[in-house]
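Undergrad: Assemble the dimeric complex from its two separately framed chains, guided by the hints.
Residue numbers (the working numbering), protein chains in the order written: chain A, 1 to 121; chain B, 1 to 122.
If you are wondering where the hints come from, they were derived from the structure by calculation, not from laboratory data.
These stretches of chain A come out as covered by chain B in the derived footprint (C-beta under 8 Å, 3 or more residues):
#1 42 to 48
#2 107 to 121
With a straight-line cut-off of 25 Å between C-alpha atoms, the simulated DSS-like cross-links for lysine-lysine are:
#3 K70(A) <-> K3(A)
#4 K108(A) <-> K41(B)
#5 K41(B) <-> K120(A)
#6 K108(A) <-> K64(B)
#7 K41(B) <-> K3(A)
#8 K55(B) <-> K108(A)
Beta carbons are placed, not taken as given, at the ideal position from N, Cα and C, and that holds for glycine.
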Amino acid sequence: AQKITQTQPGMFVQEKEAVTLDCTYDTSDQSYGLFWYKQPSSGEMIFLIYQGSYDEQNATEGRYSLNFQKARKSANLVISASQLGDSAMYFCAMREGRGLWGSSNTGKLIFGQGTTLQVKP
Amino acid sequence: GAVVSQHPSWVICKSGTSVKIECRSLDFQATTMFWYRQFPKQSLMLMATSNEGSKATYEQGVEKDKFLINHASLTLSTLTVTSAHPEDSSFYICSAKALYLRTGGGLNTEAFFGQGTRLTVV
Chain A
1 AQKITQTQPG MFVQEKEAVT LDCTYDTSDQ SYGLFWYKQP SSGEMIFLIY QGSYDEQNAT
61 EGRYSLNFQK ARKSANLVIS ASQLGDSAMY FCAMREGRGL WGSSNTGKLI FGQGTTLQVK
121 P
Chain B
1 GAVVSQHPSW VICKSGTSVK IECRSLDFQA TTMFWYRQFP KQSLMLMATS NEGSKATYEQ
61 GVEKDKFLIN HASLTLSTLT VTSAHPEDSS FYICSAKALY LRTGGGLNTE AFFGQGTRLT
121 VV
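So here's chain B without its partners, still in its complex pose (with noise of 0.2 Å):
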C-alpha cells in the first residue's frame, strides 16, 4: 500500500530558530502533497499544496515566508517553519496524493498521511 513517511515524529526548539519537517513518500511518486496543522482536540486546517517542482499554493491567511515549502523531488516535500515561536507549537502533518485500488474493484485518487509531527516551541 501507499506509505508516507514524516520525520521527525516529534520536535523541542528554541524560540527563534527554525525547524525542518520532511514528508517523504516510499512505495509511490507524488505529485502533489499537503500540509495540515492540527491544534488539540480540533480538526486539521489545510496550511498549503505542495506541487513537485512548483510553487506551492498556500490557504489564505497562512505566512508563506513563515512555513517553507519544498517539493523538490516526486518523493519529498519539506515544510520549514523560521524563526519558530511559541505560539507555532502544533501538530503538523502531511499527505501524499497517490492512487488507490478500493476494496471490491475501482480506482480512486486519495491522500494517504505521514505520522505527523509534534512541534513544540520553548
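Only chain A is shown next, with the shape it has when bound in the complex (with noise of 0.2 Å):
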C-alpha cells in the first residue's frame, strides 16, 4: 500500500531564510506523482509544486523547490527566503495510480500528516 510520511507536526523559520520540510513515500509504483500544497488558516488547498517519478530533474516553481531523491524515496520541499505570508500547514501528498494517460491514473491523492510552518519575524 501507499504510504506518505511526514515527520516533522511543527516547523519555525526566520522571515527570509529557506527551509526544508521533510517528505518520504513508499510504494510499489513504477510511475507516480508527488505534490507539496498548502494550507493556510482559511483551509484552501493550495496547489505548490509536483514531480513526477521519471522527471529527471527536480521541480521548482518560484520560490519553491523539490529536493527529489528517488532511491531514497524521499521528496522533501525547499522554500527559500521565506515570507510571513509562508505560515501555513503543508503536506505532501501521493497521487495513486500511473501517468498522464494510464487508465489507472486515478487522480486519487494520499496525503501526509502534514507539518505546521511558522515564519517569525
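TA: The following block contains the structure:
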C-alpha cells in the first residue's frame, strides 16, 4: 500500500531564511506523482509543486523547489527566502495510479500528516 | 486555470438534520471528483470517489448511507450528510480531476481543490 510520511509536526523559520520540509513515501508503483500543497488557516488547499517519478530534474516553482531523491524515496520541499505569508500547514501527497494517459490514473491523492510552518519576523 | 467552487463555505446545522455540500468545476468537465474530510490539525482523509453517471466508490469505514454522494453532471458533485450529529462536525473539501498544463511544458492529470466547507453540528 502507498504511504506518505511527514515527520515534522511543526517547524519554525526566520523570515528571509530557507526551510526544508521533509516527506518520505512508500510505493510499489514505478510511475507516480508527488505533490506539495499549502493550507492556510482559511482551509483552502493551494497547489505548490509537482514531481513526476520519471522526471529527471527536480521541480521548481518560484521560491519552491522539490528535492527529489528517488532511491531514498524522499521528496522534500524547500522554501527559499521565507515570507510571513508562508505560515501555514503544508501537506505532501502522492497520486495513486500510473502516469498521465494510464487508465489506472485515478487522480486520487494520499496525504501525509502535514507540517505546520511558522515564519518569525 | 482549473477552478473548483465549493458551497457553502461554512454551515451550522441542528443535530438530526441533513446538509448538502456542492462541488462545481467551473471551467472544465470533471468526470471524477473526490471528497475528503479533515479534522483540526490533521490530514485530509479520502471519503469517496465520485464518478459522473455512476455510483460513488467509498473508502473503507465510510458510511454510504450517511454520506450520500451524487455526481449528476460533468460539473457538479454533491455530498449530503444525513441525520447529522456533532461528531460529523468537520472540514469537508472536494477536488476535481483535470488536465493540467505544467510550467515548462507537458500535461499532467491533477486534482484541483474547492475552498472547503466547515460543518458544525449543534
